[in-house]
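Undergrad: Produce the entire structure from the sequences given, and follow the hints as far as they go.
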Amino acid sequence: MNYDQARWSEADRYEPLLSEKDTTTVDVEDSPLPDDLTRDSLSLPALSEPELARHYTRLSQMNYGVESGPFPLGSCTMKYNPKFTEDLAALPAAGVHPDRDERTVQGVLGVMHGLQDYLARIGGMDAVTLQPPAGAAGEFAGVLVAKAYHEHNGEDRSEVVIPDSAHGTNFASAAMAGFDVVELPSAEDGRVNLDALEAAVGGDTAALMLTNPNTLGLFERDIETIAEMVHDAGGLLYYDGANLNALLGQARPGDMGFDVMHYNVHKTFATPHGGGGPGAGPVGVVSDLAPFLPAPRVRQTDEGHFERFDPEHTIGKVHGFSGNWPVLLKAYGYIARLGDEGLADAAATAVLNANYLAEQIEYDVPFGPFHHEFVASAGEQDAADVAKRMLDYGVHPPTTKWPEIVDEALMTEPTEVETKRSLDQLAEAFDAVAGEDDETLESAPSSTAARRIDQVAAARTPRLSWQALDE
Amino acid sequence: MSDNRRGSPYAPHTAEDRGAMLDALGVDSEAALFDIPEPVAFDGEFGIEARSEQRVTEEVGRLLGRNDDLVEFLGRGHYDHYVPSLVDHLADRQEFLTSYTQYQPEIAQGFLQALFEYQSMLVELTGLDVANCSVYDAATALGEAATLAARVRATSGSRVLVPELMRAEKRSVLENYTEGAELTVDTYPMDDGNVDTAALADAMADDAVMVYAETPTVRGTIEEHLDAVGDLADDHDALFCLGTDPVALALLERPADVGADVVVGDAATLGVGSAYGMGLGLFVTREEFLRQVPGRLVGAGEDATGRRAYTLTLQTREQHIRKERATSNICTNQAWVALRTAMHVASLGPDGLVDLAENAVVRARETADRFNDVPGVQAPAHDRHHFREFVAHVDQPAEAVVADLAAEGYAVHAVGEHYIQICVTETNEHAVDGLVAAMEVAAK
Numbered sequence: 374m375n376y377d378q379a380r381w382s383e384a385d386r387y388e389p390l391l392s393e394k395d396t397t398t399v400d401v402e403d404s405p406l407p408d409d410l411t412r413d414s415l416s417l418p419a420l421s422e423p424e425l426a427r428h429y430t431r432l433s434q435m436n437y438g439v440e441s442g443p444f445p446l447g448s449c450t451m452k453y454n455p456k457f458t459e460d461l462a463a464l465p466a467a468g469v470h471p472d473r474d475e476r477t478v479q480g481v482l483g484v485m486h487g488l489q490d491y492l493a494r495i496g497g498m499d500a501v502t503l504q505p506p507a508g509a510a511g512e513f514a515g516v517l518v519a520k521a522y523h524e525h526n527g528e529d530r531s532e533v534v535i536p537d538s539a540h541g542t543n544f545a546s547a548a549m550a551g552f553d554v555v556e557l558p559s560a561e562d563g564r565v566n567l568d569a570l571e572a573a574v575g576g577d578t579a580a581l582m583l584t585n586p587n588t589l590g591l592f593e594r595d596i597e598t599i600a601e602m603v604h605d606a607g608g609l610l611y612y613d614g615a616n617l618n619a620l621l622g623q624a625r626p627g628d629m630g631f632d633v634m635h636y637n638v639h640k641t642f643a644t645p646h647g648g649g650g651p652g653a654g655p656v657g658v659v660s661d662l663a664p665f666l667p668a669p670r671v672r673q674t675d676e677g678h679f680e681r682f683d684p685e686h687t688i689g690k691v692h693g694f695s696g697n698w699p700v701l702l703k704a705y706g707y708i709a710r711l712g713d714e715g716l717a718d719a720a721a722t723a724v725l726n727a728n729y730l731a732e733q734i735e736y737d738v739p740f741g742p743f744h745h746e747f748v749a750s751a752g753e754q755d756a757a758d759v760a761k762r763m764l765d766y767g768v769h770p771p772t773t774k775w776p777e778i779v780d781e782a783l784m785t786e787p788t789e790v791e792t793k794r795s796l797d798q799l800a801e802a803f804d805a806v807a808g809e810d811d812e813t814l815e816s817a818p819s820s821t822a823a824r825r826i827d828q829v830a831a832a833r834t835p836r837l838s839w840q841a842l843d844e
Numbered sequence: 008m009s010d011n012r013r014g015s016p017y018a019p020h021t022a023e024d025r026g027a028m029l030d031a032l033g034v035d036s037e038a039a040l041f042d043i044p045e046p047v048a049f050d051g052e053f054g055i056e057a058r059s060e061q062r063v064t065e066e067v068g069r070l071l072g073r074n075d076d077l078v079e080f081l082g083r084g085h086y087d088h089y090v091p092s093l094v095d096h097l098a099d100r101q102e103f104l105t106s107y108t109q110y111q112p113e114i115a116q117g118f119l120q121a122l123f124e125y126q127s128m129l130v131e132l133t134g135l136d137v138a139n140c141s142v143y144d145a146a147t148a149l150g151e152a153a154t155l156a157a158r159v160r161a162t163s164g165s166r167v168l169v170p171e172l173m174r175a176e177k178r179s180v181l182e183n184y185t186e187g188a189e190l191t192v193d194t195y196p197m198d199d200g201n202v203d204t205a206a207l208a209d210a211m212a213d214d215a216v217m218v219y220a221e222t223p224t225v226r227g228t229i230e231e232h233l234d235a236v237g238d239l240a241d242d243h244d245a246l247f248c249l250g251t252d253p254v255a256l257a258l259l260e261r262p263a264d265v266g267a268d269v270v271v272g273d274a275a276t277l278g279v280g281s282a283y284g285m286g287l288g289l290f291v292t293r294e295e296f297l298r299q300v301p302g303r304l305v306g307a308g309e310d311a312t313g314r315r316a317y318t319l320t321l322q323t324r325e326q327h328i329r330k331e332r333a334t335s336n337i338c339t340n341q342a343w344v345a346l347r348t349a350m351h352v353a354s355l356g357p358d359g360l361v362d363l364a365e366n367a368v369v370r371a372r373e374t375a376d377r378f379n380d381v382p383g384v385q386a387p388a389h390d391r392h393h394f395r396e397f398v399a400h401v402d403q404p405a406e407a408v409v410a411d412l413a414a415e416g417y418a419v420h421a422v423g424e425h426y427i428q429i430c431v432t433e434t435n436e437h438a439v440d441g442l443v444a445a446m447e448v449a450a451k
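From first to last, the protein sequence lines are chains A and B.
Just so you know, the first sequence maps onto residues 374 to 844 in the numbering used here.
Just so you know, the second sequence maps onto residues 8 to 451 in the numbering used here.
These are calculated hints, taken from the structure and not from any lab test.
There may be inaccurate statements among the hints.
[To be verified] Computed footprint of chain B on chain A; a stretch qualifies when at least three of its residues, placed anywhere within it, have a C-beta under 8 Å from a C-beta of chain B:
#1 512 to 526
#2 799 to 811
[To be verified] Residues from chain B shown here face chain A by an in silico Cβ test under 7 Å; the list is partial:
#3 31
#4 48
#5 308
#6 330
#7 418
#8 434
Positions of the beta carbon are idealized from the N, C-alpha and C atoms, including for glycine.
TA: Put into structure tokens, the structure is as follows:
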């Protein structure tokens with residue numbers, strides 16, 4: 374059963390903008406403030422509630438979500454989002470102000486403390502902060518913690534080493550924290566090149582940022598040696614939690630020698646991606662780094678009360694308040710629902726699904742064996758075109774053209790929630806496209822709300838608001 | 008592990024399917040697929056007990072039940088406005104809620120259009136040209152503005168000036184963002200809750216890359232000297248960054264008209280309510296800084312048939328392409344919150360939004376007057392116009408007053424030894440009578 378997207382008639386051309394339906398201008402002259410403090414007027418759409426309900430319903434029908442069909446977007450872990458966790462986040466008692474006195478929000482702090490504890494156990498870490506509002510914010514917090522740790526020890530370490538296959542956020546987060554980035558070329562087998570690592574680490578190395586399994590879905594089998602090399606050089610090992618879903622209950626970053634890590638709760642713990650957020654990016658550290666974590670953290674007193682406290686050498690804050698609390702609450706619900714067996718089963722099934730799908734498709738899949746994801750090569754075909762054509766087969770395509778170390782990469786991560794039937798459907802879509810000519814691919818997609826969009830032209834003449842459309 | 012009752016309830020394989028898949032791979036179990044060296048393998052025991060959906064729901068309900076049930080008169084940068092039911096019901100449609108960043112625009116037209124509409128609303132509210140479709144919150148938006156300022160004025164300065172009255176937490180975030188850009192953060196004085204423009208003029212020098220001011224301020228005062236701040240920034244070739252929110256923007260001077268170069272703040276004043284501080288970072292700026300904007304931008308373009316269509320655009324600024332030379336590290340942002348905020352603005356319409364803003368002025372004024380009638384209380388502490396909230400001087404120690412009010416079921420801020428702060432909106436105005444009565448006892 375393929376997903377077919379809603380399209381409006383040729384006469385409509387598109388769902389009109391709110392502003393094209395009805396815009397009203399309101400004078401702001403009789404306001405309770407002096408005129409020199411106020412604007413003159415305000416022009417915004419003015420629609421009835423039924424009109425708005427139709428507008429947003431129609432927009433939703435032109436959008437693809439996890440419940441629309443398979444969503445095997447590599448490294449993004451698009452798994453099913455349980456419904457009941459939405460209800461948890463909607464509980465009135467969860468909707469409190471962040472400046473409440475800690476004695477009056479024992480419930481919120483209790484859940485936060487419980488989640489800190491769960492995440493520490495899952496990551497093999499000693500201390501966790503929930504504050505960073507996204508994975509990249511977690512990276513930023515993590516590298517700031519590493520920086521503060523080195524500075525506290527009187528060491529001036531200016532470099533962060535990052536493999537060429539890493540997420541772009543790693544590079545950007547390290548640079549934001551003021552580090553120079555040293556890019557590490559991958560070895561022939563897609564893993565860390567130990568010789569290159571030996572050459573890259575030294576007295577300037579603050580940290581190595583590593584994803585394991587990496588973005589090719591490969592476990593860094595030499596992780597113990599890698600950890601030793603980085604630690605011998607006086608650096609810290611940073612774990613990018615983007616691919617943690619593959620390891621739940623099978624291995625823990627702390628046991629592998631990682632000193633600091635972030636968790637992507639919207640990937641690993643099934644909170645909705647929300648079309649690009651909100652996520653949450655808690656950071657876990659070993660005990661030596663705990664005094665540097667963002668403030669405040671939550672701890673439990675001997676009497677069972679929860680209290681906020683500032684770690685001794687805290688870096689300060691990375692979010693104005695306490696991060697994306699509703700997202701954290703959903704993650705707590707998910708972890709509690711699955712428990713030890715469920716979490717381990719999620720990883721085992723995700724790995725089974727990835728390997729099964731990799732085995733089924735015609736495209737060349739270099740490297741292996743895979744964990745939660747694999748990177749196929751579209752070979753002579755253009756991976757971006759392949760993706761557009763897959764839309765016509767009713768599935769969301771893989772991540773394309775990344776990492777660059779695979780030609781025309783199709784990075785595919787089916788997650789644990791796909792049935793064998795839907796994996797077979799995905800394989801059929803891959804194989805159908807693999808047999809198609811360039812002309813067919815270049816003219817795709819045709820079954821979607823919009824046909825192929827010229828992104829180059831859109832960037833050349835940026836029109837970023839309905840006001841700009843009139844120009 | 009093939010028994011689903013013991014595994015993930017969201018991993019759907021039957022034993023038969025699982026067997027067929029393992030057969031296809033030529034292995035006996037999933038364990039054979041894991042390529043983890045024995046010394047770092049884990050035995051799977053976290054000590055986390057699985058619970059049924061019903062049990063987890065009961066447990067979380069019980070845990071959250073430990074929160075005291077207080078009527079909150081709290082603000083200071085995070086506000087509770089009533090969110091229409093339409094927002095919850097439509098934003099929760101799975102096509103929005105469970106979708107990903109719109110890298111495949113042909114199947115994400117709905118979300119892209121909603122974000123385009125959100126950007127457009129901010130363009131109207133600010134008078135500036137370019138709104139991104141969200142960073143995390145007001146504090147990180149301010150940090151992003153400072154690093155933008157450092158890039159556009161990279162050769163001539165390193166200081167960011169901020170008001171002495173601002174949230175310490177926001178300043179801390181700013182300092183973390185500016186440290187890597189080798190900027191320093193300095194404060195300038197305030198005068199009765201507004202910018203002390205003479206003192207700011209003294210503090211300004213050509214090494215300032217950015218001046219930040221807020222309206223309404225953290226004390227709820229409406230800033231009366233934005234033109235002067237804008238002129239000072241211009242005189243020294245510094246950027247003027249203005250912190251505000253969409254409700255205030257419906258009524259107050261347009262940032263473009265007072266010389267603002269960047270508008271930041273928390274847009275989640277609409278769309279979310281009190282979510283323990285979850286926000287929606289505003290980021291709006293002038294067209295000349297377009298290529299320095301952090302994060303996502305949605306643009307209008309055309310599809311192959313010439314039909315208007317929407318797409319993420321100018322992505323070469325972003326971390327997934329530019330890596331360490333990106334304008335920001337932001338990837339996951341607050342897109343769904345932006346959707347909710349746009350829905351909330353659309354629900355209110357221009358009349359509703361202006362009414363909300365005017366009521367924020369009137370309610371703060373009337374509530375302050377009622378506080379001022381209470382013996383032992385002087386309100387408002389600042390002789391300014393107010394928006395949503397005000398500071399009151401109390402003769403009793405503020406902490407004691409706050410504790411007494413909490414005992415009566417009301418939460419207010421203590422902001423100094425003898426100062427408390429009260430925020431009133433349509434969500435708590437029903438309880439103002441009770442709060443004032445409790446104040447009459449607490450202030451004695």
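Undergrad: Now tell me, hint by hint, if it's right for this structure.
TA: Now the hints, each set against the structure:
1. 512 to 526: That given contact holds, which follows from 3 residues of the segment 512 to 526 of chain A lying within Cβ reach (below 8 Å) of chain B.
2. 799 to 811: It is violated, with 0 qualifying residues against the three required.
3. 31: Holds. Min distance 6 Å.
4. 48: Given a least distance of 6 Å, the restraint on residue 48/B holds.
5. 308: This hint holds: residue 308/B lies near chain A, its Cβ roughly 3 Å from the closest one there, short of 7 Å.
6. 330: holds, 4 Å
7. 418: Result: holds, 6 Å to nearest chain A Cβ.
8. 434: violated, 10 Å
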